[in-house]
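S.K.: Sequence:
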Amino acid sequence: MSSVPSHRGTISTLIYKYELQTALYMLEPWEKCLFNFIFLGIITLSALTIFQYTPMLVNKLTAY
Numbered sequence: 683m684s685s686v687p688s689h690r691g692t693i694s695t696l697i698y699k700y701e702l703q704t705a706l707y708m709l710e711p712w713e714k715c716l717f718n719f720i721f722l723g724i725i726t727l728s729a730l731t732i733f734q735y736t737p738m739l740v741n742k743l744t745a746y
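Heads up, the sequence shown is in this note's numbering, so the first residue is 683 and it goes up one at a time.
Take these hints with a grain of salt, some might be off.
Quick list of simulated restraints, FRET-style, between CB atoms [as the list claims (entries may be wrong)]:
1) S694 to F719: 17 to 23 Å
2) I724 to E701: 15 to 21 Å
3) L739 to W712: 36 to 42 Å
4) P711 to H689: 20 to 26 Å
5) I693 to S728: 20 to 26 Å
6) L716 to S694: 20 to 26 Å
7) Y698 to K742: 42 to 48 Å
8) S728 to R690: 28 to 34 Å
Hints listed in this document are in silico derivations from the structure and should not be mistaken for laboratory results. Even glycine gets a Cβ: it sits at the ideal position worked out from N, Cα and C.
Given the sequences, and given the hints that come with them, work out the whole structure.
M.R.: Right under this line is the structure:
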């Protein structure tokens, strides 16, 4: 049970570092939410593209 508070502290620290490095600490909550939503969308679409097209590309390159 004592590890739960330390995990909360670790997560809070990571969120704080993320906000500092992306300059989100100076935004209002709705702006943070919008930024994170757009950022998550870009990351998701990039990951889907990589997982969808990489096997096709590898097959094309190794077919010769």
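S.K.: Against the structure shown, which of the earlier numbered hints fail to hold, in ascending order?
M.R.: none
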